[in-house]
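Peer 1: Got two chains here, separate frames each, mind docking them using the hints?
Taken in sequence, the protein lines are chains A and B. The numbering used here puts the first residue of the first sequence at -7, with every later residue one more than the last. The numbering used here puts the first residue of the second sequence at 37, with every later residue one more than the last.
You may find that some hints are simply not true.
[Unchecked claim] Just a few of them, taken from the derived set where beta-carbon distance is under 10 Å, the chain B residues facing chain A: (1) A273; (2) F300; (3) T308.
[What the hints assert, rightly or not] Ranges of calculated distance between the beta carbons of each label pair, as one might list FRET restraints: (4) L18/A with S271/B: 37 to 43 Å; (5) I(-3)/A with G294/B: 23 to 29 Å; (6) G135/B with N(-6)/A: 40 to 46 Å; (7) V110/A with D297/B: 52 to 58 Å; (8) A243/B with Q67/A: 16 to 22 Å; (9) P246/B with Q35/A: 57 to 63 Å; (10) S271/B with A21/A: 43 to 49 Å; (11) F86/B with R61/A: 37 to 43 Å; (12) P246/B with R121/A: 54 to 60 Å; (13) A21/A with S261/B: 54 to 60 Å.
Since the hints were made in silico from the structure, they are not lab data. Just so you know, even glycine gets a beta-carbon here, dropped at the ideal spot from N, CA and C.
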Amino acid sequence: MNEHIVKAYEDELNMLTAECARMGGLTEAAVADALEAVVRRDQQMADSVVARDERLDALQADIERKAIRMIALRQPLANDLRRTVAAMKIANNLERVGDLGKNIAKRTIVIIDSDPMVPLTRSIERMGRLVVTRLKEVLDAYTASDLERAMSVWSRDDEVDEHYNSLFRELLTYMMGDPRTITACAHLLFVAKNLERIGDHATNIAEIIHYEITGDEAIATARPKTDALQRP
Amino acid sequence: MTPLSNLGASLKMTAQRDDALASAGTNRATAGKVSATEVSVFYGDKQALFDVSLDMPDRMVTALIGPSGCGKSTFLRCINRMNDTIPGARVDGKIILDGEDINDRKVDPVLLRARVGMVFQKPNPFPKSIFENVAYGPRIHGFADNKTELADIVESSLKRAGLWKEVADRLQAPGTSLSGGQQQRLVIARAIAVSPEVILMDEPCSALDPIATAKIEELIDDLRSQYCIVIVTHSMAQAARVSQRTAFFHMGAVVEAGATDEIFTNPRDTRTQDYITGRFG
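Just chain B, with the same shape it has in the complex (with noise of 0.2 Å):
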């Protein structure tokens, strides 16, 4: 056995063994399925997060809000650690997966990048059959055994991404000839079908029109039964809309966090108000 595959096995028994909890109905601790303490970041000289330590629970919706270059999206690359992949870019303090320290050593960031799936503001599918933007992930990480596992494992990512009956009669047709709504909801699936445990999205309808939009809120809405998501966001309303909690970025630091009813009725700062009720701040 090659060691990818090693990986991919040992991948796939974690995959199962979640399932199982989720299925016998043990509960996972709501709070913190991924927790960040006093995370700063720093590109080079100049530093782009503050000390954001934030609790993000399982089975939520947690949004990020803020003006541009508030730290919101350096902040969600930290959580699939991929800043690493940037030049001069340095991270401290602590996030916490399921109780391990992701920036630790041991963890290879490959792996923890199939943990912790990402969805971008542009769907970006492989120059490749629908069929295989979403089997990619799966057959590298040797979560299938044979053809028809894979095209189970394809079958039930595109059901969950709510795109399978658009797509069934013609799963060899490019990713690219979808229309940009669909495209957005393929990427889902291919994040969904190497089973995360957590989805980042980075601003993932705003390319999108209404229904588009809609279709992604409600699939949004579907996924957090069984995921931890985070997912940045410039609509205030669509923040409102999907997620349970949110946080306000503002410089670079989290400035108010919690309840998304709380903090879009009766929000504690003014700085958090200013900003979501379009204020000069």
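Pulled out of the complex, with its shape left as it was, chain A reads as follows (with noise of 0.2 Å):
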């Protein structure tokens, strides 16, 4: 790709760009922390979760503003434009992504106490593990420009589904035969919600790469999608 005439305006994209998949990277490491948080019931980490929070949201509304002031200033047009609103929505969508983060870190922190159900904190890590590689992945596939990547990663998102839905069932048995887990398994259910939900968020930037790099915006309807509430 051939260079800007004009360098501060290359610069600008160049620096929304990189706040853009440092956001990103601090997003990865919050969701990471968070699953270690509930695996390890550690209360330490739930905390600073809980409390790096507050960063991501700076970075967003700072992402924002630099995309419309982009926009306002600089009028880009086709492949910059594409790159300034692709910006400007995979901050919304990190954003959304540390706030599940930071909602797994505040319920490790109320069912901490409580016993642990050691085949279920394992199925919760697996969940999370791969929700967490999703994540790095298509941020990688973001700092990188890679189509491929990023495809691959759009393409295997009914395996966190799946996941989910096993999770759901696993939970259910837990709570019918020990009414008193019922509190902890809630959390823990809404644990697995908020990392299904992670995981579409990294669907949904994957597709947003798509339309950077493509121009095409028909992908979002193409995706293969498993139901929660089809398949019981």
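Peer 2: This is the structure:
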């Protein structure tokens, strides 16, 4: 790709993408730490995830402000326009992911003293690792403008859904078996749901990358979908 | 009757027929009101256009964009045979207006230029009154049978050009006494007074401030429902705002043409992309 004739424009665009990538790194770490916190019942870690969310909110606001400024002052077109809009949309998705991570951490704090449910925790951990990997892969794809990598994340969207559905059944079994676990299980159900939604955001980001690189927005309707409600 | 007024009478009939067609809701073909096929232009030994093929649909604005010297103005001037007036200029290829080859020997360029009006970068009102600027064309083409008819044409043209309210009380003032933006609208009123079918605009806003520009753009959008408009502009934002179709010219050839929103969000050719995003090509 050729460089812009106006150098400051080039720099601003690069800065926007870089800031979005940096926010991605922080979000990914927050989710990984939230998972770690819930798996190890680690209060300190959970507290730290909750505290770090503010930073993500600030970054999202900053990226949005920069993108709007870019649209007003530089009137980006074609791939520049897609890049600007993509940064803004990805930052929005990351901010939501950050909130979901924070919510996982908060639920960890609530259930910290309940009995450990080892097999269940292992299932959460497996699902969580898958989600964190997907998030990492899609953010790497964003940084590297790697369409193929983004699409590989996109096409494996249903793996997370399958994990979620099986966790859902597992949690029901626990709750039916011992009603004293209901409080903790209900929280873990939300944890699983949050992880599933983080997975959806990773898929969204893959679609945004696809739009940024190809200009084609039709892909959003073509995704393979597993519906939790259709497969009890 | 003089030959000139004969010409005017036939013109008037054409205009009326078209109006009747339009009011009857008849759909004129949307593809290619003006259709260029493999148009090449030579100025002496120098070739300025290379096999340009482009359809300009009726009731749409087609924007021609591209760097200086890319041939977009040369192409625009082919559509009303303005290149005829340049010594040593030669045009090859076909330009069809409503099924008729405009370079055919039978076509009178004067009559053609009434059907294909043109607006230039710098407003060029005649050194006459506002009224006379607009009345001139209809009068020489014999469009009006009496003074009342002529006054009606002037009023309706000024109204369609969005200038009437500003000049109604001073129609006898010189056209040159108006502001730049008003002059440009006066020139547009002059062009539409002879009921053209196609309006060509060569950077009509490049000498205007943003408010005057917005007024012209609003006018273009308004005129679009009746005419085939082709506009040359250096402002990407303007092309994006006013046109439905965009053609990117580069080094005398059309690199890419298509729906404006496609060209500006997702151009297919890297040369188009580099140009509209301001990169080194």
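Peer 1: Evaluate each hint against the coordinates.
Peer 2: Each hint, compared with the structure:
{"no.": "1", "hint": "A273", "in the structure": "holds (6 Å)"}
{"no.": "2", "hint": "F300", "in the structure": "holds (5 Å)"}
{"no.": "3", "hint": "T308", "in the structure": "holds (8 Å)"}
{"no.": "4", "hint": "L18/A with S271/B: 37 to 43 Å", "in the structure": "holds (40 Å)"}
{"no.": "5", "hint": "I(-3)/A with G294/B: 23 to 29 Å", "in the structure": "holds (24 Å)"}
{"no.": "6", "hint": "G135/B with N(-6)/A: 40 to 46 Å", "in the structure": "holds (43 Å)"}
{"no.": "7", "hint": "V110/A with D297/B: 52 to 58 Å", "in the structure": "holds (56 Å)"}
{"no.": "8", "hint": "A243/B with Q67/A: 16 to 22 Å", "in the structure": "holds (21 Å)"}
{"no.": "9", "hint": "P246/B with Q35/A: 57 to 63 Å", "in the structure": "holds (59 Å)"}
{"no.": "10", "hint": "S271/B with A21/A: 43 to 49 Å", "in the structure": "holds (45 Å)"}
{"no.": "11", "hint": "F86/B with R61/A: 37 to 43 Å", "in the structure": "holds (41 Å)"}
{"no.": "12", "hint": "P246/B with R121/A: 54 to 60 Å", "in the structure": "holds (55 Å)"}
{"no.": "13", "hint": "A21/A with S261/B: 54 to 60 Å", "in the structure": "holds (57 Å)"}
The structure agrees with every numbered hint stated previously.
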